[in-house]
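2 protein chains.
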Amino acid sequence: MSANTQFDLQQFLATRTQTVNRALDKFLPGDKTRPATIHKAMRYSLFAGGKRMRPALCLAAAAACGGREADAMPLACAVECIHTYSLIHDDLPAMDNDDFRRGKPTNHKVFGEGIAVLAGDALLTQAFEIAAQAKGWPRYPHRDLILEIAKAAGSLQLVAGQVADLEGEGKKLSVAELRYIHERKTSALLCCSVRLGGMSANCTVAQLKALTDFGYHVGLAFQVIDDILDVTQTSEQLGKTAGKDVAVQKATYPAIVGLEKSRKIAAQLTAKAFAALKTFKDRAVALEALAEYLLKRDK
Amino acid sequence: MSANTQFDLQQFLATRTQTVNRALDKFLPGDKTRPATIHKAMRYSLFAGGKRMRPALCLAAAAACGGREADAMPLACAVECIHTYSLIHDDLPAMDNDDFRRGKPTNHKVFGEGIAVLAGDALLTQAFEIAAQAKGWPRYPHRDLILEIAKAAGSLQLVAGQVADLEGEGKKLSVAELRYIHERKTSALLCCSVRLGGMSANCTVAQLKALTDFGYHVGLAFQVIDDILDVTQTSEQLGKTAGKDVAVQKATYPAIVGLEKSRKIAAQLTAKAFAALKTFKDRAVALEALAEYLLKRDK
Chain A
9 MSANTQFDLQ
19 QFLATRTQTV
29 NRALDKFLPG
39 DKTRPATIHK
49 AMRYSLFAGG
59 KRMRPALCLA
69 AAAACGGREA
79 DAMPLACAVE
89 CIHTYSLIHD
99 DLPAMDNDDF
109 RRGKPTNHKV
119 FGEGIAVLAG
129 DALLTQAFEI
139 AAQAKGWPRY
149 PHRDLILEIA
159 KAAGSLQLVA
169 GQVADLEGEG
179 KKLSVAELRY
189 IHERKTSALL
199 CCSVRLGGMS
209 ANCTVAQLKA
219 LTDFGYHVGL
229 AFQVIDDILD
239 VTQTSEQLGK
249 TAGKDVAVQK
259 ATYPAIVGLE
269 KSRKIAAQLT
279 AKAFAALKTF
289 KDRAVALEAL
299 AEYLLKRDK
Chain B
9 MSANTQFDLQ
19 QFLATRTQTV
29 NRALDKFLPG
39 DKTRPATIHK
49 AMRYSLFAGG
59 KRMRPALCLA
69 AAAACGGREA
79 DAMPLACAVE
89 CIHTYSLIHD
99 DLPAMDNDDF
109 RRGKPTNHKV
119 FGEGIAVLAG
129 DALLTQAFEI
139 AAQAKGWPRY
149 PHRDLILEIA
159 KAAGSLQLVA
169 GQVADLEGEG
179 KKLSVAELRY
189 IHERKTSALL
199 CCSVRLGGMS
209 ANCTVAQLKA
219 LTDFGYHVGL
229 AFQVIDDILD
239 VTQTSEQLGK
249 TAGKDVAVQK
259 ATYPAIVGLE
269 KSRKIAAQLT
279 AKAFAALKTF
289 KDRAVALEAL
299 AEYLLKRDK
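Same order as they appear, the protein sequences are chains A and B. 9 is the number of the first residue of the first sequence in the working numbering; add one for each residue after it. 9 is the number of the first residue of the second sequence in the working numbering; add one for each residue after it.
Where hints are given, some of them may not hold.
Pairs involving identical chains hold if they fit within one copy or between any two copies, as the list cannot separate such chains.
[Unchecked claim] In silico DSS-like cross-links for lysine-lysine, where the CA-CA straight-line distance does not exceed 30 Å: (1) Lys159 x Lys143; (2) Lys59 x Lys40; (3) Lys112 x Lys48; (4) Lys159 x Lys48; (5) Lys34 x Lys217; (6) Lys179 x Lys117; (7) Lys40 x Lys159; (8) Lys258 x Lys40.
What the hints contain is simulated information worked out from the structure, not anything from laboratory work. Predicted model only: the values in this text are computed from it and were never measured.
Based on the provided sequences and hints, a complete structural model is requested.
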């Protein structure tokens, strides 16, 4: 991983956050567009200081395949809209009932439950409107780009993860059941992000397979670390309510296999992610740096 | 409208409801597919006895343009998924707070609020997955089909209507404001349904314009009649809570302009809808019959 010593990840993240934010701002109706409430609510959560990790992964995957960032941008923005919608709905009283997200009151605390449901609905819909504006290739036509997002966000993946998570609360889950949840709640959309980046670069079938392996393992590692941080960090450090998982007796890796084993699992998953990047050689420098960041992060 | 005297609408609706239901059943994961809860919840509302009016309009529009029903079917199913999702979310306690829909307990009454939110999310996502599987034409590629649905369902149309409806409760609205709501809550998706039917048949630009006019006016008429039926019919006749609009002081055409004027408006809108169909001659027989049915319906 010597390439990473020369790669400035903070610079990469800062500049990409800016370009992604600019692109999202252009794709979304302005917050004075009628009905103003819904556009204010959509933008409140979309511009609440998210780390833009999924767009960054999408853009980095495009770069790894020799693509242009401009071609990946609509897909990067679409994935961020899906991610934001899922957070708004997950935070609802009928779901995780969270009052804070990224250090700010959650959408329904500011706009009320009805508007929060609709803001999520609108962002989910907006994601497809944005994705449809991406460039298609003969190998990856719009049909495939839309299917990629719809499958990752649908009832067998992202929604399935949230359902299993809801139904698992207060129950003793096995590691396999917990993995089922994490694969769907987190891996599915991270995997989709890097695959879409590859597709925007008209990548080869072998490259797409490597990106799939990478995204899957980074996604799982990301979630295991989220579990770990919930028990090891304070609310101030996280910018959201810490210890929440323990409070609601949510099954987590630390709760099932302990903290040390959880850290080992996260490290193993990341090693598998790194292995998947070998085929890209030096062009995967941003993807590698992002994976390291996801494993080393403290919030 | 002499053609309609020979057209058997009941037969048309019965057979199309069957073929649409069969297609939806094939597109959706089975109700034992893990997680079973979400697929049961999606199917509960999708197969709750809806009249399949939007799919019927989509298929009839395809026929009016000389297209094949099989080509229109995925789009007809996609639109029905959007419609069902919007009903599930509209019925939530944070929105219209309805306990019954089509004579059955609403989704959240059966599955709980969390699952109802997710079932709506999943059906909205499923709509795009199904639409992506439609046949594209050079004139109407997948990009345009997806944009058509996303715009009709998004924050400027369907969601905008629901927001304006929520915000208008208990307020005195002008006819213009009420029309703004109806255009978005109902016309947008009906218009989208007939346009998609035309697009699936590779229709001409003139035909698409005629279908747009037709869908817009039928949609508005449909909603004015919904308002009228709410004050003139009983809950048993409607299969849902009657008098609800009055109870929550919702602005309706009868409340603003009176019952007789409302009936006249509905008739005028339908006349404009019929006028738009002239260009299709005899091939619009099903669309004409559907428009008459929407105006003459008593529930």
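Against the structure, the hints:
1. Lys159 x Lys143: So Lys159 and Lys143 pass the 30 Å test inside a copy (20 Å) and across (19 Å) alike.
2. Lys59 x Lys40: For Lys59 and Lys40, only the intra-copy Cα distance (25 Å) is at most 30 Å; the inter-copy one is 37 Å.
3. Lys112 x Lys48: within (15 Å within a copy, 35 Å between copies)
4. Lys159 x Lys48: Result: close both inside a copy and across copies, 28 Å intra and 18 Å inter.
5. Lys34 x Lys217: Between. Shortest inter-copy distance 29 Å satisfies the 30 Å Cα cut-off; intra-copy 32 Å does not.
6. Lys179 x Lys117: both (28 Å within a copy, 23 Å between copies)
7. Lys40 x Lys159: Between copies only: 18 Å across, 33 Å inside.
8. Lys258 x Lys40: between (40 Å within a copy, 25 Å between copies)
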